[in-house]
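There are 2 protein chains.
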Amino acid sequence: MPTQTTKMTQASHAGPLSPTARTTLTRSRDRAATDRAELDALLAEVLVAHLGITVGEGEDAHPVVLPVAIAVDHDGPDEGGSLYLHASVAAGWISSVRGRTVCLTATLLDGLVAARSGFHHSMNYRSAVVIGRCRVVADADERARALDRVVDHMVPGRSATLRPPTRKELAATAVLALPLAEASVKRRAGEPKDDPHDVEAGGWAGVVPLRTVAGAPEPDAWSPAEVPPDVAARAAALGHGQG
Amino acid sequence: MPTQTTKMTQASHAGPLSPTARTTLTRSRDRAATDRAELDALLAEVLVAHLGITVGEGEDAHPVVLPVAIAVDHDGPDEGGSLYLHASVAAGWISSVRGRTVCLTATLLDGLVAARSGFHHSMNYRSAVVIGRCRVVADADERARALDRVVDHMVPGRSATLRPPTRKELAATAVLALPLAEASVKRRAGEPKDDPHDVEAGGWAGVVPLRTVAGAPEPDAWSPAEVPPDVAARAAALGHGQG
Chain A
1 MPTQTTKMTQ ASHAGPLSPT ARTTLTRSRD RAATDRAELD ALLAEVLVAH
51 LGITVGEGED AHPVVLPVAI AVDHDGPDEG GSLYLHASVA AGWISSVRGR
101 TVCLTATLLD GLVAARSGFH HSMNYRSAVV IGRCRVVADA DERARALDRV
151 VDHMVPGRSA TLRPPTRKEL AATAVLALPL AEASVKRRAG EPKDDPHDVE
201 AGGWAGVVPL RTVAGAPEPD AWSPAEVPPD VAARAAALGH GQG
Chain B
1 MPTQTTKMTQ ASHAGPLSPT ARTTLTRSRD RAATDRAELD ALLAEVLVAH
51 LGITVGEGED AHPVVLPVAI AVDHDGPDEG GSLYLHASVA AGWISSVRGR
101 TVCLTATLLD GLVAARSGFH HSMNYRSAVV IGRCRVVADA DERARALDRV
151 VDHMVPGRSA TLRPPTRKEL AATAVLALPL AEASVKRRAG EPKDDPHDVE
201 AGGWAGVVPL RTVAGAPEPD AWSPAEVPPD VAARAAALGH GQG
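Protein chains in written order, with the working numbering: chain A, 1 to 243; chain B, 1 to 243.
For reference, chain A alone in the conformation it holds in the complex (with noise of 0.2 Å):
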């Protein structure tokens, strides 16, 4: 029972993925679709994905998973598309993306699904994993645009009404492009699946379905009384307004 799909990218990219042994996956090949319009749309709809990366040195070595704002772009020199970070250049986990491999994870919760056992308990999800080199964007026209990129994911079309970023700005913002090469999509859809001698045995299974819905947008202090389009078209794409 997934929730309707908010596609947000211009244009889906047509073609399959080019999953490799990392991304392809071992179990459940049912549920992976090595779609690359599933990935733009699902990359487009998720607000915070989270990147995995690995911090410290041989036997100290670890994962740290961080929860980060994205933003695709396919206009970039990464065939494929460029899925951007950016983070304050003071940030500690930044220096542990050079030149080591990452993970980003983007996940949508679409319901719960409650079984008649507790084994065949489940969720209802959209799922893609990237995996892959960052590459640190030092050229101004993409890193602008980058940023835009990230700012209009937040909220279409927000980026055009702002000023411009001041030098200042940008020397504190760290930018990073990660290629999307070599990524995979997963999900769960649909009922439960039960045991047939548990569906005899009666009792009720179903979805709950879920989604992630906006309020009213509340302005600060100092702002007019009027919101402005892109934040009240932004709100009420999130659902706020339609009870």
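It should be emphasised that the hints constitute simulated quantities derived from the structure, not laboratory data.
All of these numbers come straight from a predicted model, not from anything done at the bench.
There could be a bad hint or two in this list.
Stated by the list, open to error - Straight line, CA to CA, 25 Å or less: simulated SDA-like cross-link-like pairs of lysine to any residue:
id	chain 1	residue 1	chain 2	residue 2
1	B	K168	A	H120
2	B	K193	A	V68
3	A	K168	B	K193
With the hints as your guide, set chain B onto chain A.
For chain B alone, coordinates are given in the frame of chain A:
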């Protein structure tokens, strides 16, 4: 603007966390809350967490991040509590966890922060990071309790309404415990932090609050008409029927 926290753990165990260098934040110390009650509340509310593991050896080692269901229990052998994970014994990643440090990150998104500059755009969120080594749960009683907790994490009270797991189901399920010993919680809440000259220049800034909301439970074809109290209560706790 955090949404109301739904507490589902029985009792919050008092006392501060014990952050180490790995989980002590190097930036934004004002956002770090070394408070066990907040960790418990966050882990109780998060439905899908992200587990970072290291796969491969030597030069080929890299992180992989997987979405996982979780449950927390304070009655197990781990001081500070146990975070339980489960998977099919056939899942490839299970073998990668043995003897290796993992990172479990649980994030709730509370709002989009639309500022008057791109630089100050942000998100309101709460996020817990737990680092440690997983214990493979072998004790039959602890395994049964852990699996009940995972079901009850999704739908509180549901495990008591179901038949017990079969020997075959238990044999097919791996249960892991990550001790809640080394953990940190980070959050952002409240209004945008705009620069004074941007506030003077005018324009709207504020927060679009977000929360996860349930729709009406969707029974499968073999279910009785009436939704059971546990499922109905779960949907109601997640906002179903509140308009």
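Now the hints, each set against the structure:
no., hint, result
1, B/K168 with A/H120, "holds (13 Å)"
2, B/K193 with A/V68, "holds (19 Å)"
3, A/K168 with B/K193, "holds (17 Å)"
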